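Asks: Residue numbers (my numbering), protein chains in the order written: chain B, 1 to 167; chain L, 1001 to 1150.
Don't read these hints as lab results, they were simulated from the structure.
Every value quoted in this text rests on a predicted model; they were computed, and no experiment measured them.
Hints are not guaranteed to be accurate.
Taking lysine to aspartate or glutamate pairs in the EDC-like style, the calculated list, with each CA pair at most 16 Å apart, reads [unchecked claim]:
(1) L:1084 / B:15
(2) B:53 / B:17
(3) L:1137 / B:17
(4) B:130 / B:116
Partial list, derived from the structure: chain L residues whose beta carbon lies under 7 Å from chain B [to be verified]:
(5) 1020
(6) 1091
(7) 1106
(8) 1108
(9) 1112
(10) 1129
(11) 1132
Think of the CB as a built atom: it goes at the ideal place given N, C-alpha and C, for glycine as much as any other residue.
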Amino acid sequence: MKKHNGELEIDEDLEMDHRTWTVQRISWVVLLLIVIAALLGFTGRGGVKGINKTTKKTASQTMEVEYDRFLRDEVEGEMKISLQNLKTTSPSLFFSKEFYDKVRVEEIVPEPEHVEISQDGITYTFRATKPEFIILFYTKPLHIGSLQVVAKGPDNETVTISQFVYP
Amino acid sequence: MDTIIKGAVIYVFLLLIFRISGKRTMYDATVFDFVLLLIIAETTQQALLGDDFSLTNGLLLIMTLIILDIIISLLKQKFNPIEKLVDGSPLIIMDKGQLLRDRMRKERIDEADIMESARDLHGLQRLDQIKYAILEKNGKITIIPQEEAS
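Chain B with its partners taken away, still in its complex shape:
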């Protein structure tokens, strides 16, 4: 062991300490940036509108999907689907296969009248009394990473829902 001033036995490593201080200070900035990003909504659950909460519409504007872009593993999220100018009293919503593979639907408000699962996806059929109809899906993602679901409205127009699930 090294002797400091010829008397104090100490295993000091100043080079290492200098490096550590530099890494520490850079890391503090990184931590602060992560917290700011979380406040803005980049890690899901709230934040500034437009960063996490996203709205997508079909070309004819008859279906609007409002959803969280960032989700967390096994944490419930809400998806709001607004249908307008409905021509039928039993509108159907189709979601691609990923919706039942990678997501668990906890609750649907209002409840669908009929649900059908196929190789391609899942179809929910509702009973609508007015031409404007809102459906809420409460879901929990079951897989970490990118999640892409294609939603098809009563007019056969599609919207791609792109989400990212944090661990």
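We have chain B already, so just place chain L on it with the hints.
Replies: Same frame as chain B, now just chain L:
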């Protein structure tokens, strides 16, 4: 499997975060640090267990953490650079009665911290009674008094 991965991730994350925060962060149990420690412990527990409170999950988690701790301690014992990387090294902050202010500033230590340790460990009353003050790996300040004061 999920529990083991979660346990390993949290262990490494806590190791990193405390290393990043500096030696002094978790040493002094002031009211503020105590609150911080409690919140971190509670958050960690929830992140580790999730909604699985089964005995299997708890036992698996404890085993994972103990195994990781053994692996790290074996690595530290065998490779000195790893020990320094994980634990850091002691640092002289007062040399022959002279305060090394640049080092103290970097480690967020002031004279009051040194005097607190001097009073606590040796019952010293003044700074000039101290020969060496060393910031240890665990964040504790050890004091070597001047010969005439001892």
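Asks: Against this structure, judge whether each hint is valid.
Replies: Now for the hints, and whether the structure bears them out:
1. L:1084 / B:15: Distance of about 11 Å is within 16 Å: holds.
2. B:53 / B:17: violated, 44 Å
3. L:1137 / B:17: holds, 11 Å
4. B:130 / B:116: violated, 23 Å
5. 1020: Holds: closest Cβ of chain B sits about 4 Å from residue 1020 (chain L), inside 7 Å.
6. 1091: With Cβ-Cβ at 6 Å, under 7 Å, it holds.
7. 1106: Where the cut-off is 7 Å and the nearest Cβ of chain B is about 5 Å from residue 1106 (chain L), the hint holds.
8. 1108: Cβ of residue 1108 (chain L) sits 10 Å from chain B, so the hint is violated.
9. 1112: violated, 21 Å
10. 1129: With a minimum Cβ separation of about 17 Å from chain B (threshold 7 Å), the hint on residue 1129 (chain L) is violated.
11. 1132: This hint holds: residue 1132 (chain L) lies near chain B, its Cβ roughly 6 Å from the closest one there, short of 7 Å.
Violated hints, in rising order: 2, 4, 8, 9, 10; the structure is consistent with all others.
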